[in-house]
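As a plain string of letters, each chain reads:
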Amino acid sequence: MKFVLLWSDALFFLLVAMCVFGAWRARRNPQLASAWRQVGTHRVGVAAATILLCFAAIAVLDSVHYRERLPGENGNVQYSVEVLSVLDGLMTKERTQLEKTYSAPLATQLFAKESRADGEGRDFPRLKYGGAQLADPALRDADVEKRALGGLVAGFVIWAVLAFCVRRWLRPRAPWFAWSAFVFTFAAIAVVSGVIVALAPEYHVFGTDKVGQDVLYLSLKSVRTALLIGTLTTLSMLPAALFLGIVAGWRGGWVDDAIQYVYTVLNSIPGVLLIAAAVLMMQVVIDGHPAWFSTSAERADARLLSLCVIMGVTSWTGLCRLLRAETLKLRELEFVQAAQAFGVSGFNIMLRHILPNVMHIVMISLVMDFSGLVLAEAVLSYVGIGVDPTTISFGTMINAARMELAREPMVWWSLASAFSFMFVLVLAANLFADAVSEAFDPRGKRS
Amino acid sequence: MLTYLLRRFLYAIPILIGVNLITFVLFFVVNTPDDMARMQLGVKHVTAEAIEKWKVERGYDKPLLWNAQASGTSKATDTIFFEKSLSMFVLDFGRADDGRDIMNEIKTRMVPSLAIALPVFVLGLWSAVTFALLLVFFRATWLDFTGVVLCVMMMSVSSLFYIIGGQWLISKLWHLVPISGLGAGLDATRFLILPVIISVIGGLGSSVRWYRTLFLEECNRDYVRTARAKGLSELAVLFRHVLKNAMIPILTGVVVVIPSLFLGSLLIESFFGIPGLGSYTIDAIAAQDFAVVRAMVFIGSVLYIVGLWLTDLSYTLVDPRIRLQ
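Same order as they appear, the protein sequences are chains C and A. One point on numbering: in our numbering, the residue at position 229 of the first sequence is 229, and numbering is uninterrupted. Whatever position you read off the second sequence (first residue = 1), add 1000 for our numbering.
One thing to keep in mind: the hints can contain errors.
Unchecked claim - Below, computed lysine to any residue pairings styled on SDA-like, alpha-carbon distance capped at 20 Å:
| hint | chain 1 | residue 1 | chain 2 | residue 2 |
| --- | --- | --- | --- | --- |
| 1 | A | 1172 | C | 412 |
| 2 | A | 1172 | C | 402 |
| 3 | C | 2 | C | 69 |
| 4 | C | 210 | A | 1164 |
As the list claims (entries may be wrong) - Derived CB-CB ranges, DEER-like:
| hint | chain 1 | residue 1 | chain 2 | residue 2 | range |
| --- | --- | --- | --- | --- | --- |
| 5 | C | 118 | A | 1041 | 49 to 57 Å |
| 6 | C | 153 | A | 1273 | 50 to 58 Å |
| 7 | A | 1220 | C | 325 | 17 to 25 Å |
| 8 | C | 98 | A | 1046 | 53 to 61 Å |
Just so you know, these hints were derived from the structure itself, not from any lab. Virtual Cβ for every residue (Gly too), placed ideally from N, Cα, C.
Chain C with its partners taken away, still in its complex shape:
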């Protein structure tokens, strides 16, 4: 086995490390600590954060990539060209057990009729893997019930253990935290995932798509794409936005004019069209240099990252403007003027005095932009200017499934599953963003 570190993985882990570092800093800074504490007392915010953490865990599992070792001849080590992630490894069954075509959730038979092997009329053939352990499809309901109940109990037991731990050790240490919201959300998650985990080995819980892929697997894989786009987009242009915004506000004069000119120009190009043009161009570059990428996963990864950067270029202007306005305000405050009187250099003032005081704006815009970006990815991928068609994402799932509603009877499960996963993710992100901006926005505290 050989580990592969894709660029997006590296950036994603960098992001996780930054979160950990940020949390460590926040503990030592009383102001930040009190703001986070306020988020912690916010019940809806805690519930949303719990759900987001679960999604993040899936994305982390899906970000550790490796290439399997192939059985080579006499010491000749060879690796598969297929790049897998830990999530792929855990879901090997769902990933490799392909049916012929559509099958409904928990079905034991294919969705389309086929001629029978004995040549007598047409029939729904049994699935190759879904419910294959059953002797008779009629036994399915009882089997599903039994398994689901087992999963339910297992999920409940896990929840009970965690709830006990919270009550015993965690709650006394941080009584201000909204533990009840955490415990209740976790109960829902544990029960639902318990049932799914119990059923997944024998059935296609959310059905299969046109080429027989398991929809549950596709949905879980989409989570990483969505999270990457939601976070890396803002992060990719963050250094530029921070630097230009603060410098424009601090220096004023022609520097300010030049920076304002740059973002007005970028702003005046409609975002979608700029993205469309840039993605088209990136595609030409990527297709023109096949030698740059050793596996198709790397190529898809390059396209994903370039999409993040391109979306970042179209969206950093808003943040830059906010930072400039805030810097203009801070510049006139006494502590900055005092630092100036002491002869601190302009660069140091920007770094030590202004930067920490605009970080709450960065924080708020990071969480506020997230949900919009996740939704935008689906739209862009649908239009054909989003992620690589081989990358599994909510957009590509919806795009592949949208014609299925016209079938008779209807194939609804891929769309339903993509939309529900996206809805839960975006709703949680929206609610968390509200809690964070309420806690960090100085204006929010007043009212």
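Got chain C; can you put chain A on it based on the hints?
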């Protein structure tokens, strides 16, 4: 006033030059015309002659910025930059890959696009303000709370869901209106009603929530307290004072919405098979027709700048204190 407008007009020129430069770099420097030709003709098995022919057909066979072989002024004018980029300022966009004149195409496709975007804009604004005022009128009650929860839920649903779901429910299940296409004359309303309603609903959640915060902020001001103390009814306070004073942030926000209407119609038009500018752009993206995409980027920026300009004008209409100088 006139000098102000003139100055704003002149100010637009450097911005448009910047836009032009960006698109030029994007389309001709990041990828040379050779790359584009190879992409269009298929990456493998392409001869140098075929590339040359493709370039000559589209006028991409000239130097990028400076033609050393030409004489006199044509040293600067007989180049790709001059012919393909600067010509945009006189709205000469050249031809699409299928040989049709882009400007002509834009003129005929503008009508269906406007037929959707305009009702969506007006209806959307009206319904958002109405619902927001309603929530503010019932503020701090269960109605307000449910309304806000509903808004957040609506914000979290993908716009694709509204389109796919609406099409399926109204057109396929209930057979109320045709699924897609566009009729001529008055018949067109039958086709337009569903896309308009879907786009309005799709944008409602976030805008109602945003206007509600704006109105609530105004409600905490002193003049509102004074108005209430005078004995004005709550409705009169909301309509005569709060709404009027919240007009400036609303107008600022509305201009931000105009370019994103473009995105909405991009999707809506392609889903409902309406032959407007949005579906034109989508088709061009799918066919990798660079000339059309470039023209749309340029027009989009011009419209945005006009939008900014109109915002300034509208400020003077709603706030007599503002004078444009």
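Status of each hint after checking the structure:
no., hint, in the structure
1, A:1172 / C:412, "14 Å, holds"
2, A:1172 / C:402, "14 Å, holds"
3, C:2 / C:69, "7 Å, holds"
4, C:210 / A:1164, "18 Å, holds"
5, C:118 / A:1041: 49 to 57 Å, "51 Å, holds"
6, C:153 / A:1273: 50 to 58 Å, "51 Å, holds"
7, A:1220 / C:325: 17 to 25 Å, "22 Å, holds"
8, C:98 / A:1046: 53 to 61 Å, "36 Å, violated"
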